[in-house]
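J.: Each chain is listed here by its residues.
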Amino acid sequence: MKIIKATGLLLFVFGFIVFNISFFQASYTLTPELVKEKISEPAKTALFLQKAESILNQNIPSNFAFVAKVKAAFYSANDQQIKQYSITTAEVNLLVSLHREKFSIATVDSVFSSKDAISVFKNQALKTYGSWLDGQPFDTQEELKAQILGVAEKIQKYGIVNHVGFDRYQIKDLTYALTKSAAHSPVKRKPGLYLFLSFGLCILGALLYILPKLEDPSGIKNNGIFFNVMKNVGWLGMLTGTWLIVFYILLYFFPEYMTNWIIMTDPISHWLNGNEASRFFLYGLMYTLCILVMGIRMLIHYRHSRYQMLRTCSVMFFQTAFAFLLPEILIRLNKPYFDFKNIWPLDYSFFFDSRLDQLTESGALGIFMIGWGIALILLAVPIMVYFFGKRWYCSWVCGCGGLAETLGDPYRQLSDKSVKAWKVERWMIHGVLVFAVVMTTGVLYTYFTKSSWFLFFDSYQLREIYGAFIGAGFAGVVGTGFYPMMGNRVWCRFGCPLAAYLGIVQRFKSRFRITTNGGQCISCGNCSTYCEMGIDVRWYAQRGQNIVRSSCVGCGVCSAVCPRGVLNLEVKNETGRFGNPVLIGNNHVKLVD
Amino acid sequence: MPDKLVVFSYSTLVAMQHIVIIGNGVSGTTAARHIRKRSNHRITVVSSETTHFYSRTALMYIFMGHMQYENTKPYEDSFWKKNKIELVSDHVEKVDAPGSSLQLRSGSTIAYDILIIASGSTSNKFGWPGEDTKGVQGLYGYPDLQLMETNTKGIQHAVIVGGGLIGIEMAEMLYSRNISVTLLAREPEFWSNVLPLQDANLISRHIRSHNIDLRLETELTEIRADETGKVNAVVTNKGEIINCQFVGLTTGVSPNIAFLRDSGIETNRGILVNEYLQTNIPNVYALGDCVERTYDLPGRRNIEQVWYTGRMMGEVVAQTICGEKTKYEPGPWFNSAKFFDIEYQTYGNVGKDLAPDEEDFYWEDQSGLKAIHFVWNRNSNEFVGINAFGIRLRHACFDQWLREKKDIQFVVDHLDDANFNPEFFPRYETEVGTAIATKFGAV
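Sequence lines, in order, name chains Y and S.
One point on numbering: in this note's numbering, the residue at position 37 of the first sequence is 37, and numbering is uninterrupted.
Convert by adding 1000 to the 1-based position in the second sequence; the result is the number in this note's numbering.
Mixed in with the good hints, there may be bad ones.
What the hints assert, rightly or not - Okay, the calculated beta carbon distance ranges per label pair:
(1) Y/233 <-> S/1241: 42 to 50 Å
(2) Y/224 <-> S/1438: 40 to 48 Å
(3) Y/448 <-> S/1083: 50 to 58 Å
Since the hints were made in silico from the structure, they are not lab data.
Every residue, glycine too, gets a C-beta built ideally from N, C-alpha and C.
So that you can see chain Y by itself, here it is in the shape it has in the complex (with noise of 0.2 Å):
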């Protein structure tokens, strides 16, 4: 059993250094074909074509190297735009100088009446740009002037780059697509090969070091937790952390340095959809596979459990089916992308116009859809909640809760139990569910009024700081890159604005609650140290009072920790719920609370 043991973990590590060196491996080469094909536009193609000549047909061996040297040619590029297309002070001049007291915007087809794509460009830029200043008064030249200039500076910041140069969006993407398709490297040879020794190999190791577990007798078996590097914030721990914490960096904000990674899914991708894999292919696979294999390792740990093997095969089969397969065949089949199990505030981009428009052309399918999401929210999050507690979503389906139940168990014991912990967490996750709401309210009047200013903001602008800094920072680089430092709820306990408003159901009006048993508490502490939400359960069982706090995402292994059987979850009549704390033991005695 040893040897299978080791033989496991020498895989995984095998496996795991693959992944980490394919990174490295490809080399580059940009034609001008590929270019031709990433980039649609003639003109803009040719010239990036003549800012990248440098780099056309080289061998450039490194993706730092070979992203750098794309983004500066899209750089010079949008600097020798800005150079040609900018509106120069003699124009600006010219302009003023045809104005007495009045501004006409029919003015400017005097100024720029020749043919040629600048003139054209600055002719129209400037009646888009300035459209507001036609008919206004002033009442010196140098008034109009400043006013003038101000509207040239705004062409020459947004107009330029918009419409005959690259936008930040556009060279993310293309920066993305070109590193992608010219890169040639062992794993784009080879995708499948590389795919089974690292995947692969990580899958088999970690099974075989898993499977072995069998072997000793079932029960709860948290044997050495708090000595070992991997899961007492140890050096193992830490540098796993760092590790996920710089893949999230790199997922959102850098996909363009790790298309060698997404390459070697490409087959599954075009197995599966028909298309080559996008980053969030490979992190749903990766995602997926993770909740798969130590899911498995969850079963084993708690065979002797119904309810924890039932638990956790509902979140593997909810992660495999409808996070990852469902979406995909979907696409498969020309319909929109949709995962049928996330709710809005979670799936905070639910309402973007965006998905909404693609929704509403999808017929009656995407109508379908859309009544789905929104009965979701209204209808599922407080029935459901009612019946069966928050934990029917968060650890039985939802796929945050599904990685931090599986891949994350094993750092559950790491979450804070302090009082403080408790109050930061409050105010956190209701922050986070109202800047939810208050963003979602801009984004859908922005979708009916079509005017991106709401109240005292933009609701572009909010929707990007909340992908940023929610969305992808909280949920991703700290929720999970945080696990072996914090915990496996750190996004689900301070951040999760969907948990928020299933906890505040929760709290208030549910049958759900954790019951304590009589005078059997021995205060002992196990419950509260393997609470992933950093509940201190032993306040209460030791005091004999029910469990009734929002954050309880009911993943039930206070209950299974517990040596003398005193906690159980529990659906049944409201009455009683908040009732005061009984301790069973003396007569005569009456507890004062």
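Based on these hints, arrange chain S on the given structure of chain Y.
T.: Below, chain S alone, put in the same frame as chain Y:
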């Protein structure tokens, strides 16, 4: 003192008293907490074991790496200051009862108006040859755990003497660190001085399934040391010599009362107390493990070294001191433990032997990991008690049924209500009901 208590019942008018508690285990801490809830008295807790209250029952989990010492503290460190409970880290050398003061090891003294002694137990030693050899120890408090950490470093084999709750805990602790264990027990089955034979046999089998070398009806006669003075073997009453590098002595505990010699506080095996947990000195109370009751309670021994009774005594004494004089009258007996992977709960009185007018029924699951043992009165059919193994039962149900003196048929019929297992766990009630009906008809 009783006069003072009369004044106490008009409690808001009472002057603040200084209550000093010796010991910060569950008994002393519970008393302190409940006195604070009910009064404004000055409270001081003296302990030389640890600065803060921790759960003694969780010591094993620290050794096994399930928890750290910090995790075993039921209250945050700020709790004590917030609740104005003063903590003194010192050892009480002597109690000066006539002078109402304590002599501490540091040389200082503490004067008290009311003293509560909750000094706990010490591990038993029976004068075995070599019992003070290096590498031989008991397990009661935190210092013992630290010693065990040192004593077990790099060892291969350990012998544990004593087939009780601490013995099996120690076995599990060593097992978790891959140290092989021989467990010597005097009885014919593990803990069969408390459990009925069938129940004890179930646990014996379970212990052996963890590769623990359980030797029953075997006693220690001698502990041997090597030339460095460290233990290297034990000799049993059967003449076996077992090589080992560690010996755990877990043959029970006795009240920790040595420091009360010549204090004027009456003691026998423990500190003698009346039903108000008051000693012979009116302003001195005693609680928990260190107490020996001078009056009998049916079905209970006069020294009860159990977490729950310590807690219950703390609740009672707090109520008395705060002006509501209350007898210590515990409800129906209950207890629990965990033997490796098998949880044990008991309600009511299931003795190791049946009383002459008692009948019983033992049911065991095929797995050998679950069992229930019912005991009832043969004549009246009144339910007397239950042992459950690998099954969680609802305390509130059994407490009520025992108080209401329900008959065994009622209990069997309502076993469903008392199920406290997690959701989706296989149900056993029908099988148990059928089995008992097959044997007894309608019992």
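J.: Does each hint hold? Answer for all of them.
T.: Outcome of the hint check:
1. As the Cβ distance of residue 233 of chain Y to residue 1241 of chain S is approximately 45 Å, the hint placing it in 42 to 50 Å holds.
2. Range check, residue 224 of chain Y to residue 1438 of chain S: about 46 Å between beta-carbon atoms, so the 40 to 48 Å window is met.
3. Taking 50 to 58 Å as the suggested C-beta distance range, the pair residue 448 of chain Y and residue 1083 of chain S conforms, at roughly 56 Å.
Checked against the numbered hints given earlier, this structure breaks none of them.
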